[in-house]
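Enquirer: What follows is the residue order along each chain.
Number of protein chains: 2
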Amino acid sequence: MKGNVLVGQSGGPTAVINASLAGVFKTAKERGYNKVYGMRYGIQGFMDEQYVDLSDHIKNELDLELLKRTPSAFLGTCRYKLPEIHEDKSVYERIFELLDKLDIEVFIYIGGNDSMDTIRKLFDYSLLTGAKQKFVGCPKTIDNDLAITDHTPGFGSAAKYIATSTKEIICDAMGFSYKKKNVNIVEIMGRNAGWLTGAAALSKSEDCEGPDLIYLPELPFDIEGFVEEVKKLLEKKDVVVAVVSEGIKTKEGKYVCEYAGADSLDAFGHIQMSGTAAYLAQVVKNELGCKTRAIELSTLQRAAAHLASKIDVDEAFNVGGATVKAADEGSSGVMVVIDRVSDDPYQSATGVYDVHRIANGEKVVPRKWINKAGNYVTEEFLDYVRPLIQGHYTPMMVEGLPRHLSINLKNYDWSAPRGK
Amino acid sequence: MKGNVLVGQSGGPTAVINASLAGVFKTAKERGYNKVYGMRYGIQGFMDEQYVDLSDHIKNELDLELLKRTPSAFLGTCRYKLPEIHEDKSVYERIFELLDKLDIEVFIYIGGNDSMDTIRKLFDYSLLTGAKQKFVGCPKTIDNDLAITDHTPGFGSAAKYIATSTKEIICDAMGFSYKKKNVNIVEIMGRNAGWLTGAAALSKSEDCEGPDLIYLPELPFDIEGFVEEVKKLLEKKDVVVAVVSEGIKTKEGKYVCEYAGADSLDAFGHIQMSGTAAYLAQVVKNELGCKTRAIELSTLQRAAAHLASKIDVDEAFNVGGATVKAADEGSSGVMVVIDRVSDDPYQSATGVYDVHRIANGEKVVPRKWINKAGNYVTEEFLDYVRPLIQGHYTPMMVEGLPRHLSINLKNYDWSAPRGK
Numbered sequence: 001m002k003g004n005v006l007v008g009q010s011g012g013p014t015a016v017i018n019a020s021l022a023g024v025f026k027t028a029k030e031r032g033y034n035k036v037y038g039m040r041y042g043i044q045g046f047m048d049e050q051y052v053d054l055s056d057h058i059k060n061e062l063d064l065e066l067l068k069r070t071p072s073a074f075l076g077t078c079r080y081k082l083p084e085i086h087e088d089k090s091v092y093e094r095i096f097e098l099l100d101k102l103d104i105e106v107f108i109y110i111g112g113n114d115s116m117d118t119i120r121k122l123f124d125y126s127l128l129t130g131a132k133q134k135f136v137g138c139p140k141t142i143d144n145d146l147a148i149t150d151h152t153p154g155f156g157s158a159a160k161y162i163a164t165s166t167k168e169i170i171c172d173a174m175g176f177s178y179k180k181k182n183v184n185i186v187e188i189m190g191r192n193a194g195w196l197t198g199a200a201a202l203s204k205s206e207d208c209e210g211p212d213l214i215y216l217p218e219l220p221f222d223i224e225g226f227v228e229e230v231k232k233l234l235e236k237k238d239v240v241v242a243v244v245s246e247g248i249k250t251k252e253g254k255y256v257c258e259y260a261g262a263d264s265l266d267a268f269g270h271i272q273m274s275g276t277a278a279y280l281a282q283v284v285k286n287e288l289g290c291k292t293r294a295i296e297l298s299t300l301q302r303a304a305a306h307l308a309s310k311i312d313v314d315e316a317f318n319v320g321g322a323t324v325k326a327a328d329e330g331s332s333g334v335m336v337v338i339d340r341v342s343d344d345p346y347q348s349a350t351g352v353y354d355v356h357r358i359a360n361g362e363k364v365v366p367r368k369w370i371n372k373a374g375n376y377v378t379e380e381f382l383d384y385v386r387p388l389i390q391g392h393y394t395p396m397m398v399e400g401l402p403r404h405l406s407i408n409l410k411n412y413d414w415s416a417p418r419g420k
Numbered sequence: 001m002k003g004n005v006l007v008g009q010s011g012g013p014t015a016v017i018n019a020s021l022a023g024v025f026k027t028a029k030e031r032g033y034n035k036v037y038g039m040r041y042g043i044q045g046f047m048d049e050q051y052v053d054l055s056d057h058i059k060n061e062l063d064l065e066l067l068k069r070t071p072s073a074f075l076g077t078c079r080y081k082l083p084e085i086h087e088d089k090s091v092y093e094r095i096f097e098l099l100d101k102l103d104i105e106v107f108i109y110i111g112g113n114d115s116m117d118t119i120r121k122l123f124d125y126s127l128l129t130g131a132k133q134k135f136v137g138c139p140k141t142i143d144n145d146l147a148i149t150d151h152t153p154g155f156g157s158a159a160k161y162i163a164t165s166t167k168e169i170i171c172d173a174m175g176f177s178y179k180k181k182n183v184n185i186v187e188i189m190g191r192n193a194g195w196l197t198g199a200a201a202l203s204k205s206e207d208c209e210g211p212d213l214i215y216l217p218e219l220p221f222d223i224e225g226f227v228e229e230v231k232k233l234l235e236k237k238d239v240v241v242a243v244v245s246e247g248i249k250t251k252e253g254k255y256v257c258e259y260a261g262a263d264s265l266d267a268f269g270h271i272q273m274s275g276t277a278a279y280l281a282q283v284v285k286n287e288l289g290c291k292t293r294a295i296e297l298s299t300l301q302r303a304a305a306h307l308a309s310k311i312d313v314d315e316a317f318n319v320g321g322a323t324v325k326a327a328d329e330g331s332s333g334v335m336v337v338i339d340r341v342s343d344d345p346y347q348s349a350t351g352v353y354d355v356h357r358i359a360n361g362e363k364v365v366p367r368k369w370i371n372k373a374g375n376y377v378t379e380e381f382l383d384y385v386r387p388l389i390q391g392h393y394t395p396m397m398v399e400g401l402p403r404h405l406s407i408n409l410k411n412y413d414w415s416a417p418r419g420k
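Quick note, the sequences are listed as chains A and B, same order.
Take the first sequence: its position 116, counted from the start at 1, is 116 in this note's numbering, and no numbers get skipped.
Take the second sequence: its position 329, counted from the start at 1, is 329 in this note's numbering, and no numbers get skipped.
Don't take each hint at face value.
Identical chains share a label here; the pair holds if one copy fits it or two copies do between them.
What the hints assert, rightly or not - Only pairs whose alpha carbons sit at most 16 Å apart, straight line, appear in this in silico EDC-like list of lysine to aspartate or glutamate: (1) Lys29 with Glu61; (2) Lys236 with Glu209; (3) Lys285 with Glu229; (4) Lys180 with Asp48; (5) Lys179 with Asp48.
Rather than coming from a laboratory, the hints here were simulated on the basis of the structure.
Work out the full structure, taking the sequences as your base and the hints as a guide.
Expert: Here it is as structure tokens:
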């Protein structure tokens with residue numbers, strides 16, 4: 001009889017991070033593991049012995065399908081950075097004591113760069129102590145900034161939401177343009193990598209002009225130059241739509257959102273961004289005197305499971321399953337990656353890579369995939385992203401709203417008066 | 001042979017305003033009218049002789065279905081207020097000259113309160129001059145603030161988008177709550193009426209706790225009291241979600257967003273709102289020191305056709321058709337309204353009302369549908385809204401994105417290199 005599997009979720013959630021969890025659960029059961037435990041709130045909660053037996057929550061195939069359609073981290077997530085092993089061994093002793101207590105054979109961590117750092121450290125510690133557990137990372141991030149993997153689960157659905165919303169925003173703005181010029185600035189997530197911001201260009205299609213300007217964080221942003229570009233466009237057309245990354249910086253290295261007064265840091269020392277579009281809208285309004293609108297797509301970029309990409313959900317599910325398979329076949333200290341086998345028709349396959357080669361390397365949009373002027377992405381960029389937004393995972397609608405699987409609520413009591 | 005129909009769209013768009021346009025077109029054709037002209041940018045564009053023959057754009061049943069799924073105003077919209085007849089007769093002479101030139105028998109205007117004012121004035125002028133045209137209003141507004149009609153087309157889809165997004169936002173926030181309290185403030189459209197803000201409570205269901213606090217613009221908002229409520233909740237739970245209308249005012253009569261510095265006016269003298277949530281998040285952060293997030297649902301509330309309610313799309317389509325039917329049967333100076341025939345099961349039917357009784361009366365949420373404390377809606381409110389968000393109009397997906405019908409773009413050239 002095999003032992004148990006432990007799985008956790010870490011960092012910012014995505015629309016499909018639970019599809020990976022579903023994949024881990026299903027493959028673990030199919031491969032004959034005994035229990036599948038889920039850490040509540042990642043490694044941080046686990047150290048406080050916060051965990052659940054996933055079989056108490058995923059009771060049948062319908063629950064599994066609901067889990068695939070549930071946004072955010074079903075188990076809860078954390079932003080907790082393990083100390084270096086030589087800095088504080090007691091943390092590691094605590095974790096491995098719990099792993100032994102729960103008879104864990106396989107440890108899966110679903111996350112981004114910071115989470116792969118956790119897998120690397122736990123694996124290194126297991127080498128030092130000869131611990132039996134296998135440690136495998138499952139990639140996840142809407143930002144698509146993980147190295148080596150062709151792309152990350154979560155990116156495709158966020159890109160689909162952004163492209164769809166951009167289409168709808170452009171449609172809305174076009175309807176208002178009579179004798180009234182308007183400038184719309186859409187702010188997209190992505191601290192250092194412009195993958196999501198560039199995805200707004202997918203809205204350019206037979207029935208939509210797409211945005212006029214797109215600014216990625218990979219290149220320095222010139223505020224005055226931007227106003228000039230908008231001014232030139234307004235001479236030719238009535239509606240201008242610009243899409244900017246939350247992470248654009250001036251050539252002095254200062255975030256545009258800092259001009260708007262944002263200044264708080266998260267647990268990893270990253271600046272909390274927002275207000276970039278609002279600031280630029282104010283500048284355009286002051287300089288050009290036209291009507292402006294700032295739209296921050298905000299949290300919904302990573303939470304809009306109702307518009308998830310089928311390719312993305314299926315890949316997230318497969319990648320989750322592949323982590324258990326890799327561990328079961330003897331791998332440890334690895335992350336599962338997605339390889340693009342073919343572009344046209346699009347086909348992908350999973351592989352495994354040494355996690356030491358992955359952690360903390362940030363993949364940005366190559367310069368050749370941004371146009372010369374630095375204000376749009378190229379056709380090659382779009383050819384890369386387009387396959388990842390294909391297909392639709394129809395939400396399971398109950399009372400007019402998408403149903404999710406929730407770890408927090410009790411079973412509903414049908415005998416009680418409804419909703420009272 | 002019957003003459004022609006002229007139809008226009010006015011005011012803020014909705015996800016289903018084009019479904020009404022589709023209904024007007026279809027019924028006009030079925031009832032034997034000759035041409036159906038569409039005003040570009042409402043009455044304002046029409047006075048500049050901006051109009052199209054809709055048959056050039058709606059060529060088959062597929063186009064009609066695409067139109068039903070296209071957000072924003074297909075024809076373009078305006079915010080143009082006609083002068084009183086005695087103030088400037090020349091405007092009316094100009095309009096009626098064009099109506100005669102185009103052999104218009106039926107004039108349909110799709111819009112909200114301000115648009116019904118246009119129907120009333122044109123009808124009154126036709127009475128004065130004995131003009132032959134019929135003038136019929138087609139209700140539309142996400143705000144649901146039109147009197148006499150049970151609800152307005154556009155409201156149900158916006159409510160569905162808001163409830164779905166609120167569910168996804170709560171899901172996202174819950175995932176982050178370990179040893180880190182967080183307060184999320186969601187800002188919803190609705191200047192004076194809280195119908196949409198209250199609809200966020202629909203997210204409360206078997207799998208979601210729903211928001212903790214909901215503040216409608218119908219009641220004075222107490223900033224200090226709000227902070228106290230949040231503080232009390234944080235003693236019991238880690239995640240607090242508050243939903244506020246963009247139009248909440250303090251008892252001094254000052255909009256909360258004014259404290260944040262918003263001050264511009266639109267063409268009807270309404271204050272341009274936004275920044276209410278951002279301001280309150282800042283106050284909570286300063287007072288309570290916890291992590292806060294402000295989320296403005298923004299333009300997407302009225303543009304997210306990809307999540308339209310089937311009930312809403314079908315009613316919008318039917319109401320559009322009913323305007324032509326009413327005119328064809330001799331009515332003028334009326335607006336089509338929706339009557340709720342039955343609650344359970346939900347059934348509705350169209351009727352007609354004298355437009356003089358409708359224009360400029362704003363329907364707000366009755367006090368008895370808000371709880372005593374003034375920070376939530378009642379079950380009766382939810383029973384009223386819930387039927388209107390039911391059912392889903394599956395978008396027609398092309399290349400992974402919802403396809404719309406566009407008046408602006410030419411037919412696609414398949415022989416050209418794709419997307420280059």
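Enquirer: So, for every hint listed, does it hold in this structure?
Expert: Okay, the hints, checked on the actual structure:
1. Lys29 with Glu61: within (12 Å within a copy, 49 Å between copies)
2. Lys236 with Glu209: within (14 Å within a copy, 49 Å between copies)
3. Lys285 with Glu229: within (14 Å within a copy, 37 Å between copies)
4. Lys180 with Asp48: between (59 Å within a copy, 15 Å between copies)
5. Lys179 with Asp48: between (62 Å within a copy, 11 Å between copies)
Comparing the model with each numbered hint stated earlier shows that all of them hold.
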